[in-house]
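Engineer: For reference, the chains in residue letters:
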Amino acid sequence: MKLFTYQRAKSLDDAISAGGTFLAGGTSLIDLMKIEVLNYDRLVDLAKLDDLRKIEADAKGLKLGALATNTAVAQHGDVKQRWPGISQALLSGASPQLRNVATVAGNLLQRTRCAYYRDLATKCNKRNPGQGCDAMEGWTRMHAILGTSDKCIAAHPSDFCVALAALDAVVHVKGPKGERELPFGDLHLLPGDHPEREFALQPDELITHVFVPASAAAAKSRYVKARDRQSYAFALASCAAGVEVAGGSIRSARIALGGVGTKPWRVPEAEQSLVGAQPSKETFRKAAEIALRGAQPRGDNAFKAELAKRCVVRALLTSAEAA
Amino acid sequence: MPGNLDFVLASGGNRISPRLPCVVALCASFPEGGGGEALRAELRGLGADLVVLTPKGGVWLSPDSDPKPLLAASSFWEEQGARGAERGGAPLTVLVYDENANVRMRKDADAPVPVEPTLLAAVREARLRSRGGMGRRDLLAGTLVAAVGFVLAQACAGLKTHDEPTPPAAGPNLQDITLTVNGEKRKLRIESRVSLLDALREQLQLTGTKKGCDMGQCGACTVLIDGTRVNSCLQLAVAHEGHQITTIEGLAKGDKLHPMQQAFIDCDGFQCGYCTPGQILSAVGLLHEGRPADDEAIREGMSGNICRCGAYPNIVAAIAQVRG
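From first to last, the protein sequence lines stand for chains A and B. If you read the first sequence in my numbering, its first letter stands for residue 27, the second for the next number, and so on. If you read the second sequence in my numbering, its first letter stands for residue 286, the second for the next number, and so on.
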């Protein structure tokens, strides 16, 4: 790890004006700084900003402070009851030790686990813009099949973000120019020609909290994840889904995919296809087909499209069956 | 070439060999009777032997028995090419032998007279460094080399000996911090990039916390911070002033093991033991987080700790025993 200066932010404004890189749980940042994939010369530790640890729920929705830990969110009574898909997604990710320190905002801003991105001996457009990408002709089992470009096929690694994408979350940020909010789908950028640009955030902008509206679909949300190990592994494919059923037909649906997209992958067309239909395995399979339309598998990940479809069907079925 | 480590007892003429690894000190003089109780106590704690030879005789200090006077061993001095002060050599020559009786370190020093305090400081240092390392002889040999060399270097320079290594000079990248580890406040001067794991192991000599993958995947470095289990390899030490840090060294109350430590012994919850401190701290953290309903919940809750030997069934049994 390269040398850096370390300081503790005393307040939110202090953090924003410090001109450094924000440190929260550190499970992703310190890891990548150790292997010198990321190199920053000033870290601003947010640990003292206790206001950012709050988790609050009311009739309108759920407010998750940027520094609330994965464990705290996953175990929160309101989250488990009214946004179960969020709790399930969090508990399916990482290990207990990591979840105990990893934070809401840190999860949103974590980097890809693409093995080529992490290996300084290989070419990577995300790490070294314009250098090329060794993943293209490499081992692609863990790579994306949706939202890819000819510059980058790195998958977004988060489970939590998949649930947030499905449930219409809104990201609140504060920066030198004041506060603003972004729909969750706007936070992560597609790789396109510039995979090194990953977030729609300006320098010194800090995520303060994430808001997730309450809804009938959210209360029935479920997260289904397929992976190489039973626990503590990144998704090969996953799905967060929520279905609101009234009078025997689907009133609204939410579907987002993980493990297959270059960003958390919401599919509004698939959701729309379900409105008014009767919940059944066949209906859900059709929605799954729509969700994976345009998938571009590459080498080792050809199996992912079918695996993702089955995750969609399973997630929708369990949501629809939830009493 | 392994050295000949046979010495002759002054009483009765029997030959003895010290247990390996060991330290042999050749010095101008040493108290008759075989060293103070403090030195013997330290050796007992370390589990290593010390042989002190003077031109007129010697003493074998072994933790398991009373000091035994030795006959003068002039051939040993010659073999090692050591000359006493009276013959124009260094007043003190220290040799550290490893488990194969190979000399791992030799130090010729102008030690203060009497020499005993210098040796005592060296053995204390070795004991600090090898805490938790008993029985792993190679580690012990390395520890002895490092510690004896360090203390003798200080003795040569006429420095006052410290319990802990002298920290590097302050600079722009170094911070003075105080960590609370196992209830004790410990002062450190460290770079901000030092992980909590490295600070514990390399600076505070708390080597019970293990470095496995050093990237948050294996769980060997698990410690408790304010009662919560975390991977110490992904934490910056400077970020943890004011927190209560608990390592494996801090779980037992005196000689009484923590119930989880006892359960791992009862259930044979390890083979090589390298992942064990992390497994035990993680298990303590797991039960602190709530009661796992069944074995399946224990397995899932322990997914962040990898055991390369595959002792998982016994680890689960140990945790189930404590959970009750």
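Just so you know, the hints here were simulated from the structure itself, not pulled from any lab data. Take the hints with a grain of salt, since some may be wrong.
What the hints assert, rightly or not - No farther apart than 20 angstroms at their CA atoms in a straight line, the calculated lysine to aspartate or glutamate pairs in the EDC-like style are these: (1) B:K541 with B:E526; (2) B:K541 with B:E469; (3) A:K60 with B:D483; (4) A:K60 with B:E476; (5) A:K86 with A:E207; (6) A:K74 with A:E231; (7) B:K470 with B:D483; (8) A:K60 with B:D499; (9) A:K28 with B:D579; (10) B:K341 with B:E384; (11) A:K200 with A:E347; (12) A:K80 with B:D511; (13) A:K86 with A:D194; (14) A:K106 with B:E322; (15) A:K60 with B:E585; (16) A:K28 with B:D499; (17) A:K106 with B:E585; (18) A:K307 with A:E347; (19) B:K353 with B:E322; (20) A:K86 with A:E270; (21) A:K149 with A:E163; (22) A:K28 with B:E476; (23) A:K200 with A:D212; (24) A:K28 with B:E322; (25) B:K538 with B:E585; (26) A:K74 with A:D104; (27) A:K80 with A:D212; (28) A:K74 with B:D511; (29) A:K28 with A:D145; (30) B:K353 with B:D393; (31) A:K74 with B:E526; (32) A:K36 with B:E585.
Fair warning: this is a prediction, and the values are worked out from it, not measured in the lab.
Engineer: Does K80 (chain A) pair with D212 (chain A) here, judged by a C-alpha cut-off of 20 angstroms?
Structural biologist: Violated: K80 (chain A) and D212 (chain A) sit about 24 angstroms apart, past 20 angstroms.
Engineer: Within 20 angstroms, alpha carbon to alpha carbon, are K36 (chain A) and E585 (chain B)?
Structural biologist: Outside the cut-off at roughly 37 angstroms; violated.
Engineer: Does D499 (chain B) lie within 20 angstroms of K60 (chain A) when you go C-alpha to C-alpha?
Structural biologist: Distance of about 9 angstroms is within 20 angstroms: holds.
Engineer: Compare the distance between the alpha carbons of K541 (chain B) and E469 (chain B) with 20 angstroms, and conclude whether the hinted pair is satisfied.
Structural biologist: holds (19 angstroms)
Engineer: Are the Cα atoms of K60 (chain A) and E585 (chain B) separated by 20 angstroms or less?
Structural biologist: violated (28 angstroms)
Engineer: Between K80 (chain A) and D511 (chain B), is the straight-line Cα distance small enough, at 20 angstroms or below?
Structural biologist: holds (19 angstroms)
Engineer: Would the hint linking K200 (chain A) and E347 (chain A) be met if the CA-CA limit is 20 angstroms?
Structural biologist: Measuring from Cα to Cα gives roughly 40 angstroms; hence the hint is violated.
Engineer: Given the proposed pairing of K28 (chain A) with D579 (chain B), does the C-alpha separation stay at or below 20 angstroms?
Structural biologist: Violated, because 45 angstroms separates the two Cα atoms, which is more than 20 angstroms.
Engineer: When you check the alpha-carbon spacing of K538 (chain B) and E585 (chain B), does it fall within 20 angstroms?
Structural biologist: Violated, at roughly 29 angstroms.
Engineer: What's the verdict on K353 (chain B) and D393 (chain B), does the C-alpha distance respect the 20 angstroms limit or exceed it?
Structural biologist: Violated. K353 (chain B) to D393 (chain B) sits at ~25 angstroms, over the 20 angstroms cutoff.
Engineer: Please verify whether K74 (chain A) and D511 (chain B) have alpha carbons no more than 20 angstroms apart.
Structural biologist: holds (15 angstroms)
Engineer: Does K28 (chain A) pair with D145 (chain A) here, judged by a C-alpha cut-off of 20 angstroms?
Structural biologist: Holds, because 17 angstroms separates the two Cα atoms, which is no more than 20 angstroms.
When the structure is compared with the earlier hints, violations turn up for hints 1, 9, 10, 11, 14, 15, 24, 25, 26, 27, 30, 32 and for no others.
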